[in-house]
Amino acid sequence: MRAPAASDIAAGEVLLSLENVSLSFGGVRAIRDVSFDIKKGEVRAIIGPNGAGKTSMLNVINGFYQPQQGRITFKGRTRSTMRPYDAARGGIARTFQNVALFKGMSALDNIMAGRTLRMRRGLLWQLLRVGPALKEEIEHRERVEEIIDFLEIQAIRKVLVARLPYGLQKRVELGRALAMEPDLLLLDEPMAGMNLEEKEDMSRFIVDVNEHYGTTIALIEHDMGVVMDLSDRVVVLDHGVKIADATPDEVKRDQNVIDAYLGVAH
Amino acid sequence: MRAGRNASAPEREDAVAIDAIVQADTFPKLLIHHARVHAKRPALRHKDLGIWQTWTWAQVHEQVRAYAVGLHRLGLKRGDTIAIVGANRPKLYLSVMAAQTLGAVPVPVYADAVADELSYVLAHAEVSFAAVEDQEQVDKILSVSERLPKLTMLVYDQPKGLREYDRKNLRSIDEVVAEGRAALKQDAKVGEWLDREIAAGKGSDVSIILYTSGTTGQSKGVVLSAKGCIDAARDTVAFDKLTDKDEALAYLPIAWVGDHYLNYAQQLVAGFCTACPESGETAMADLREIGPTFYFAPPRTFETMLTRVMIRMEDASFIKRHLFHYFIGVARRYGEKILNGEHVPLHGRLMYWIGKALVYGPLKNVLGLSNVRVAYTAGEAIGPDLFSFYRSLGLNLKQLYGQTEAFLYVTAQPDGQIYADTVGPAVPNVDIRIADNGEVLFKSPGMFVGYFKDDAKTKEAMTPDGYVKTGDAGFFDQKTGHLKIIDRAKDVGKLTDGTLFPPKYIENKLKFYPNIREAVAYGDKRDFVTAIINIDLTAVGSWAERNNVVYGSYQELAGHPLVYDMIAEHVADVNRSLVADKVMAGAQIKRFLILHKELDADDGELTRTQKVRRGFVAERYAPLINALYDGSSEASISTEVTFEDGRKGVLAARVKIRDVATVPVPPTMDKAA
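Sequence lines, in order, name chains A and B. With my numbering, you'll find the first sequence wraps up at 270, consecutive numbering, no jumps. With my numbering, you'll find the second sequence wraps up at 684, consecutive numbering, no jumps.
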């Protein structure tokens, strides 16, 4: 499911890098001079206490926020400004902290919506649903069915998303992101509000996506067990500043990280 | 074949093939027969990526041959055992056929068994191969591989997540089939060798080993012979007039005798098509799409279906609700009589006919039962009301009685002789005898050869003259000549005052209420009867929503005073109905409690076939049962629960206990009897 542009970059090389990125909202400095990179094929975790700037970081990566300073290089191209639409075109997909699905649509239609950017025929063709447009829709449906099979949500294919339990909504949202066949998948707290069993299922799906499709994943997560198990490398933010960037084991032992999480007497 | 006129060659082949079905004494031989006679007829279906895929008998035959050759090249040989672990997927059914083609013995295992249970069966059966569904099962088997020294090879159906695994002892079924196909193509001798292997198979060979679900202790491996399986299936295929035009949906666990019988043995004898659902959760929707003509479901499934219908009707509009209830009333009055061919007044027929157009037809369609010609239920007693509900809709639902040791059928109700409280007369060629202690004994064509590696148990289960002991107490009904099963022989107890106490009889009465999912009654050697009740989350949850009862978890809902009130009413109803039967009047339920968690097979409280293990539950919840009898109004309990991955946690709760009013027993009138 790799887009052709990303195949130029070999696994293990840098897919996305951020250099000295700073972002402020008026007087609030959400991100201060942060640099790190994401290598192709890895699972990269971004962690930190509440308000550390994690979600802002994701929003910068997918172009929702424009940083005041710094450079972002994605697939070898350095960019100054980018809109979320361009990011999506470029192969970045994401899920949201609070599920952002089309509630009145079925799970299937939601995931089909993830294919929008890959539809070649225009609106009129698609409305007519004949000839080449129909053929194209069938091709897309096939890819979507593969994803449905992959995420084991066959039983809810035709169910309205609003009627699904939270854990399944999260899975549908992951499905929609996967339907874009992204090079980089951003997951904003994929396990928030889940019970233990749902978390285990989700962890397995994340690992499977990474292994099976070779998708590079950047995720924000609060559950430390999950982060330590899943990720290859971890960036730790605190008050917008990067305080550590290493493997899970090293991060666990890092004094700065421990202080940031547990607090320290000043 | 001798040289002759070409025109007669196909005819002669047909004659040979028809001969083959009469003579075929193994399943691989039957497969050859169907590949010739029903080559283009569908044999297997499976919904994949949202679309139904169909394999004809010719295709299945080709795949099985290639698969068998592939397995042989990996080292599987005659007499070896191969575990089959997973859901109802075509490739697992093909695995059974391929193994039998080589003369190897398939051992299906319950897919939801935790690693510990799995390793017991696999080790006991000494499997050298395992054909499994997916990564989950591969992981489970690998986690206990040190206990399975004989296991040399795993083959799997779904590749997801298995890419990075060590390939030394791991192959995908597709690879194995492809390899076998290449070998068959390359060298004609391979095909000849395979033909000889099939021909070498005898009816007396072990065809399959089915492990019992273990209601009582450790599960036992029931060894069945090829001829036994086929003879038994022939009798029932003839009994229910099944043909290659029929269709069934395979959704029951493949390790259960019922699935192997209904969806494999009968399929290969009659040549009908077995459809596999897309996934476990879609079975209900798939049922509707396939519209099977032959359907089997345990009472619990019929219960769940009815519960779901009732809930949806409660939420339906006023007009629909009234229409539904009115015509269900009509069906109750006339439906069964019409089905049984009894006399019904003209206006009754007319009303039923309108009801059929407006309610019963659409309802059966929604449930996927429109095309069903023969439906069976077994495994447990079915509530009479539940039973007649489906029959009144025009569904030809019948009861059968059987067990793994009989290769399922012992008795079955013939069309037109249906009673809610009997299980029918003996199936043709089955001989039944009632022992002096009331235990049902039988001798049948499909009866087992013995328990695998356990002669002592085999001897225990047989009478000296070769009858099998069922362990169930029963008697032949004078009026109908049908067998009636009361309970497990050892479960029927007595209260201290000598009143008869058949726990299952009482539990079944309770379970007929949609709000009650499971009930366990106690009373043997006690002063009175008590019950532990499990609420049905779907039904009670929907009730809670309509009545503005707020709850956060199963535990909270189960302990809610209003839920207790509702269940208490049901229990009082059951007591009233118990009084109607004078033998049972003394066995009314005096006290009950609602358990804070659902009884679960993972915790060992139910068997894998969802039957309550009464003894185990009694032990596990001993403090609660003591409290039921010592008069206290509350009790604390903390139990260990097992999660699906085998990890354990502790669940603690305070459970309330309720007293129920009992109906005074009317003075006995022995003279009347």
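Check before you lean on any hint, since a few could be wrong.
[Claimed, not checked] Within a straight-line C-alpha distance of at most 25 Å, the following computed SDA-like cross-link-like pairs (lysine to any residue) qualify: (1) A:Lys162 <-> B:Gly570; (2) B:Lys171 <-> A:Gln173; (3) B:Lys161 <-> B:Asp465; (4) B:Lys200 <-> A:Leu164; (5) B:Lys367 <-> B:Asp442; (6) B:Lys171 <-> A:Arg119; (7) A:Lys43 <-> A:Gly74; (8) A:Lys203 <-> B:Glu300; (9) B:Lys608 <-> A:Leu168; (10) B:Lys622 <-> B:Asn559; (11) A:Lys107 <-> B:Gly563; (12) A:Lys162 <-> B:Leu374; (13) B:Lys58 <-> A:Glu146; (14) A:Lys203 <-> B:Leu173; (15) A:Lys203 <-> B:Thr650; (16) B:Lys608 <-> A:Glu202; (17) A:Lys203 <-> B:Asp611; (18) B:Lys667 <-> A:Arg119; (19) B:Lys171 <-> A:Gly30; (20) B:Lys667 <-> B:Arg587; (21) B:Lys171 <-> A:Arg147; (22) A:Lys162 <-> B:Thr549; (23) A:Lys162 <-> B:Met295; (24) A:Lys162 <-> B:Lys196; (25) B:Lys179 <-> A:Arg208; (26) A:Lys107 <-> B:Ser553; (27) A:Lys162 <-> A:Gly74; (28) B:Lys171 <-> A:Gly74; (29) A:Lys162 <-> B:Gly372; (30) A:Lys43 <-> B:Gly172; (31) B:Lys58 <-> A:Ala104; (32) B:Lys58 <-> A:Glu141; (33) A:Lys162 <-> B:Pro373; (34) A:Lys203 <-> B:His336; (35) A:Lys203 <-> B:Leu662; (36) B:Lys58 <-> A:Gln173; (37) B:Lys375 <-> A:Arg119; (38) B:Lys331 <-> A:Gln173; (39) B:Lys58 <-> A:Asp233; (40) B:Lys608 <-> A:Leu200.
Hints were generated in silico from the structure; no laboratory data involved.
Subject >> Restraint status (C-alpha distance of lysine 200 (chain B) to leucine 164 (chain A) at most 25 Å) >> reply: violated (57 Å)
**OP:** For the pair we were handed, lysine 162 (chain A) and glycine 570 (chain B), check the Cα-Cα distance against 25 Å.
**Re:** violated (35 Å)
Original post:
Holds or violated: lysine 622 (chain B) with asparagine 559 (chain B), Cα cutoff 25 Å?
Top reply: violated (33 Å)
Subject >> 25 Å limit on alpha-carbon distance, applied to hinted pair lysine 162 (chain A) and lysine 196 (chain B) >> reply: violated (44 Å)
Original post:
Given the proposed pairing of lysine 107 (chain A) with glycine 563 (chain B), does the C-alpha separation stay at or below 25 Å?
Top reply: This hinted pair holds, its Cα atoms lying about 23 Å apart.
Original post:
If you draw a straight line from the CA of lysine 162 (chain A) to the CA of proline 373 (chain B), is it 25 Å or shorter?
Top reply: Measuring from Cα to Cα gives roughly 20 Å; hence the hint holds.
Original post:
Does lysine 608 (chain B) pair with glutamate 202 (chain A) here, judged by a C-alpha cut-off of 25 Å?
Top reply: Holds - the C-alpha atoms of glutamate 202 (chain A) and lysine 608 (chain B) are around 19 Å apart, at most 25 Å.
Subject >> lysine 43 (chain A) paired with glycine 74 (chain A) [C-alpha distance capped at 25 Å] >> reply: Distance of about 19 Å is within 25 Å: holds.
**OP:** For the pair we were handed, lysine 171 (chain B) and glutamine 173 (chain A), check the Cα-Cα distance against 25 Å.
**Re:** Cα-Cα ~22 Å, so holds.
Original post:
Does the structure keep lysine 608 (chain B) and leucine 200 (chain A) at a Cα separation of 25 Å or less?
Top reply: Roughly 17 Å between the alpha carbons, so the hint for lysine 608 (chain B) and leucine 200 (chain A) holds.
Subject >> Restraint check for lysine 171 (chain B) with arginine 119 (chain A), where alpha carbons must lie at most 25 Å apart >> reply: holds (22 Å)
Original post:
Are the Cα atoms of lysine 162 (chain A) and methionine 295 (chain B) separated by 25 Å or less?
Top reply: holds (14 Å)
Violated hints, in rising order: 1, 4, 5, 8, 10, 18, 19, 24, 27, 28, 31, 34, 37, 38, 39; the structure is consistent with all others.
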